[in-house]
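Student: Chain by chain, the residues run as shown.
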Amino acid sequence: MTTPLPTPDLLTRNPLPPGEHLSADNYLNHSRGLWSWLSTLDHKRIALMYMAGILFSFFLGGIFALLIRAELFSPGQNILPQLPDKIISGQMTYHPWQDTYNQVFTLHGAIMVFLFIIPSIPSIFGNFVLPIMLGAKDVAFPKLNLASFYLWAAGAVLFIGAIAVGGLDTGWTFYTPYSIKDSDAVFAGVLPATAGAFILGFSSILTGINFIASIHMLRPAGMTWFKMPLMLWALYATAVIQILATPVLAITLLLLIAERAAGIGIFDPTKGGDPVLYQHFFWFYSHPAVYIMILPAMGVVSEIISVFSRKHIFGYAFIAMSSLAIALLGFLVWGHHMFVSGQSNVASAIFSFFTFFVAIPSAVKVFNWLATMFRGSIWLKSPMLYAMSFIWVFTIGGLTGLFLGALATDVHLTDTYFIVAHFHYVMVGGTVFAFLAAVHYWWPKMFGKMYCETGGILAWFFVFFGFNLTFFPQFIMGSHGMPRRYADWSIDAWKARFPDADLSFISHNIHLFSLCHKLSTIGAFLQLVGFLILAGVLIHSLVKGRLAPRNPWGANSLEWHTSSPPPLENFKHAPLANDPYDFQSWHWNDDLHGFTQHETPEPGGAN
Amino acid sequence: MFLTLAEQLTGSALLPPSASANAPTQDWLFYFIWYLSVFFFVLIVALMVFFAFKYRRKHPDQQPTGIATHSTALELAWTLPPLAIVMFFFWIGLAGFMDIANPYANATVINVQSQKWSWSFAYPLPNGGTFTDDQLHVPVNRPVELVLNSTDVIHSLFIPAFRVKRDVVPGRYNHVWFKPTQPGEYPLYCAEYCGTAHSLMVTRVVVHAPGEYEQWLAGASRSAFEELPDDLYQQWRAIAGEADFAAFKSKLASMSKELAEKAEKLKPPFVIGEEIAKKKNCFQCHSIDGSPLSAPTWKGLWMHPVPMETGSPVTADENYIRESILDPAAKIVSGYKPQMPTFQGQITDKQIDAVIAYIKTLK
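Those sequence lines, one after another, are chains L and D. With the first letter of the first sequence counted as 1, position 432 gets the number 431 in numbering that gives the first Met the number 0; the numbers rise by one all the way through. With the first letter of the second sequence counted as 1, position 278 gets the number 277 in numbering that gives the first Met the number 0; the numbers rise by one all the way through.
Incorrect hints may appear among the rest.
Unchecked claim - Okay, the calculated beta carbon distance ranges per label pair:
#1 P74(L) x A239(D): 32 to 42 Å
#2 S38(L) x D60(D): 41 to 51 Å
#3 E241(D) x K494(L): 25 to 35 Å
#4 P74(L) x A208(D): 26 to 36 Å
#5 Q61(D) x D590(L): 14 to 24 Å
#6 G160(L) x Q338(D): 19 to 29 Å
#7 A152(L) x I331(D): 38 to 48 Å
#8 A208(D) x F58(L): 50 to 60 Å
#9 F58(L) x M86(D): 27 to 37 Å
In case anyone wonders, no lab produced these hints; they're calculated from the structure. A virtual CB, placed ideally from N, CA and C, is assigned to each residue, including glycine.
Just need the whole structure built from these sequences, with the hints factored in.
Tutor: So this is what it looks like as structure tokens:
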């Protein structure tokens, strides 16, 4: 992919910034050909390769989501077919249609969690901006970085294999004994999926190592810990979790594979094993994993709120420390996924107690963001719309977590749609909205092109409204008792069991559930419209977008002190450390349609 | 107070009607958190939207009016009070949880067996023995203890109206306690994903008014056919058609008053067999019209040779059917998976006889 040389007409409308040449050499056009990409050690190209794979995974996981919502539009079997089973006495037999549903929701969850959400912000935006924010040429270990990408790709291939082989219907959580009993063959669906997740884990671990090393070793003189942009604190805290927690998942998956392939008996009760032990091992990773998902998102929001309020972030030290607090406290709460599993009351009480502690640092961040906006100069561009949407939906997601942290209310709400709504509010509303904010914020830097702002706002509107319509009704049907992972809620199940009974005790529920499911499905398809519009806006930007100035937003972290897109080595001259939240030196330039600094020539400025 | 306010404000409550003694504490906490959440959400979003409008940038170069970058006082103000509030949530949450997680004295103990994909409840009979049913019957205003066990994968017993949920785990016994407070019927769901028919693993909870629980148990646990004297039972067992049954009934009626009463409640063995099969959830996997589901069809099964996974075909006689019910893993039909749960302890010998009589009619 190359940036087209500006035509004379484009030049008149968008003169290049002082110091940039016509034949701007940047990381995109520096070398050509597929091999130059596949063998690159440049963190920026690696970020784009991740972006291609991760966006494809989001698309794939999204297809499965739409299949779920289309199926659940009304009770009974709707669009999902019965999959063929085997031939008996010359006749083809079929699996019940619910098996298809179970595989669809499993694949949706597994793809979204492992292939999309966990790597999304760190592997794309972390990789792209972390070295540049440090004023460095690259991460500490560029070859390790490329290896991390190929590990991600290998894990992704195995997941696609799991889809092809079929039969994966355990839910993304692979709970035992169901996940060790269900298969015809050892190599059916569960094996490639767990192998894929195992390999993906290493991508995560190695990225974490790279980021920690980079932040420790590559900060320029003057950039003390408390002078880094908060995005780096967020990535650092995330990396700590990636390194400490992911190995536990790896071992858990190996034990699961060993149980299936060799019957070692650790989780199988018929062999003296404990199925609940699996849950402890699984959630010991998977709870911290959700903080891997949300901490980078909060880092993005801190950057954007400050820049688009044109005001120094409020409470820098508290926001930085809250990231670390969340990372550490996040290791103490895994049992809150297991309050009804039969674990001891003492354990449940302790997990509930710590769960409330980990809620507080997130609230601290939200209040600091609001204080940043107070008396700021608020610029309602697409990145800011997504960042503000994050505050709206993350607040709902976080507050609904309080219902779940309290034991008495969790007993009623766990394993219902209330949980589904809660985690989608924090994972989609949280991570995905921040991901989209990051896309809109760093797009000009990454590709040197602006996008159509009106299109961006239109897409945002559909995504935001559609998202809330999809998931808010799910809280209500959940608290009314609609269990999760149900293919159906129709009266049929009741009629089959109690053909002569008066079923009026269930009919109110069925009506309520049906209404909520309908609203939810409509919301999902509105989100689809939004994402399609967004895809159009971004493709149009690449093809025909206006050239981007170095600093369209007036930000001050170091990536905005180099050209858009940056040169291969990120900077022409090594920049000096600065206060990333001091925007005073930047002023709007109408010709460039961006911000410039009055002082020349050294980017960064003295501090 | 919170509850009625909630109902008034939201039209219909966010929770289904409750019917157990532990529910009010749980519901109180739910609404308390709800109102606090609404308060904080509205506060945060209102401030955010207000700031976005009041301080909106009219020109890209417009400077902000505020310069404050930190305030320890503010940080403490929005850290410590929320911490206190959530500690209160923890405390009430723990208290409410203890209501269903700790034994009640003198509870009626009901054993719950779950398997893919049905529930089986074993009620202790006053004179010893147990009666097994597929629905949960409980007495109102008396504590109940459910002892939960699964024979295969993890399930979860969920009764929304009682605000009760507990996983049912193979290899161990989990317990849950509650006291129903409202007679009526309520749904019971499986709340832990367990495979194909997870969403079909539902049943009904019946809360009996005072005195009626014992009445129900006495009536349901007695089945006319199981109380026939041995020689008459053997005759009843052999009945193959409606005409024979009518003749049997009139014979009984003429023998004694007692037997005449029994005859009134009696049904043919093949009818009883179908009822039992329905209650025990056999039709989830076995069809009666020849279509292959996840288990062999019963149509044309009786006295036919059945191909085995290993070894030579076996004739489907009484012994084969009985063994298939009590020890299904002993013989696996060719082309099918060994996934049928055992009904040992959940079905009596006479009930098996009735099921066999039913299968005989499926030609």
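Student: Hints first: check each against the structure and report whether it holds.
Tutor: Here is how each hint holds up against the structure:
1. A hinted range of 32 to 42 Å holds for the C-beta pair P74(L) and A239(D), which are about 41 Å apart.
2. For S38(L) and D60(D), the Cβ-Cβ distance of about 44 Å falls inside the hinted range of 41 to 51 Å, so the restraint holds.
3. Against the hinted window of 25 to 35 Å, the Cβ-Cβ separation of E241(D) and K494(L) comes to about 27 Å, which satisfies the hint.
4. The hinted range of 26 to 36 Å is satisfied by P74(L) and A208(D), whose Cβ atoms lie roughly 32 Å apart.
5. Checking the proposed 14 to 24 Å range against Q61(D) and D590(L) shows it holds: the Cβ atoms sit about 19 Å from each other.
6. The hinted window of 19 to 29 Å between G160(L) and Q338(D) holds, with their beta carbons roughly 26 Å apart.
7. Between A152(L) and I331(D) the Cβ separation comes to about 42 Å, which falls inside the hinted range of 38 to 48 Å.
8. The hint said 50 to 60 Å for the Cβ distance between A208(D) and F58(L), and at roughly 57 Å that hint holds.
9. Separated by about 43 Å at the C-beta atoms, F58(L) and M86(D) break the suggested range of 27 to 37 Å.
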